[in-house]
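Trainee: Residue numbers in the sequence shown follow the working numbering, run continuously in steps of one, and reach 125 at the last position.
Careful: at least some of the hints might be erroneous.
Claimed, not checked - Subject to a maximum C-alpha distance of 20 Å in a straight line, what follows is the list of computed DMTMM-like cross-link-like pairs (lysine to aspartate or glutamate):
(1) Lys60 - Glu71
(2) Lys81 - Asp70
(3) Lys45 - Glu63
(4) Lys81 - Glu71
(5) Lys60 - Asp48
(6) Lys60 - Glu78
(7) Lys60 - Asp70
(8) Lys39 - Glu56
These are computed hints drawn from the structure, not numbers from a lab.
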Amino acid sequence: MEELVTSYGALAGVIGLVLREAYNSYKNDKREKAADSGLSDLVEGLFKRLEQSDARADEANRRADEIAKERNGLYQTLGRLEGEVAGMRSELRAARMEIAQLRGVAYVPTEQN
13 MEELVTSYGA
23 LAGVIGLVLR
33 EAYNSYKNDK
43 REKAADSGLS
53 DLVEGLFKRL
63 EQSDARADEA
73 NRRADEIAKE
83 RNGLYQTLGR
93 LEGEVAGMRS
103 ELRAARMEIA
113 QLRGVAYVPT
123 EQN
């Protein structure tokens, strides 16, 4: 009978070891899944931030392009206006010369003319 108790004890001990290893394996799997889940959440969050950053950079580039177009348009307008002012000065000088000739006076240009 003593042998039977010893063999049941050994069997219970083996079953206990198997159950403990199974439980430890289960806990480790849960920990690994939690860690993997946390890591995947982190990576997903980083990708979302990267996409937001790319979208902001694209918007900033679009605005910079618009500003450059406006600036170039203003330079063109300024060039046209400068050309018109030079033409008007030339016409004014010619008109002053004609007025001086009609009056019979010699035309003396000044710096402003």
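Trainee: Please go over all the hints and tell whether each is borne out by the structure.
Mentor: Results of checking the hints against the structure:
no.	hint	verdict
1	Lys60 - Glu71	holds, 17 Å
2	Lys81 - Asp70	holds, 17 Å
3	Lys45 - Glu63	violated, 26 Å
4	Lys81 - Glu71	holds, 15 Å
5	Lys60 - Asp48	holds, 18 Å
6	Lys60 - Glu78	violated, 27 Å
7	Lys60 - Asp70	holds, 15 Å
8	Lys39 - Glu56	violated, 25 Å
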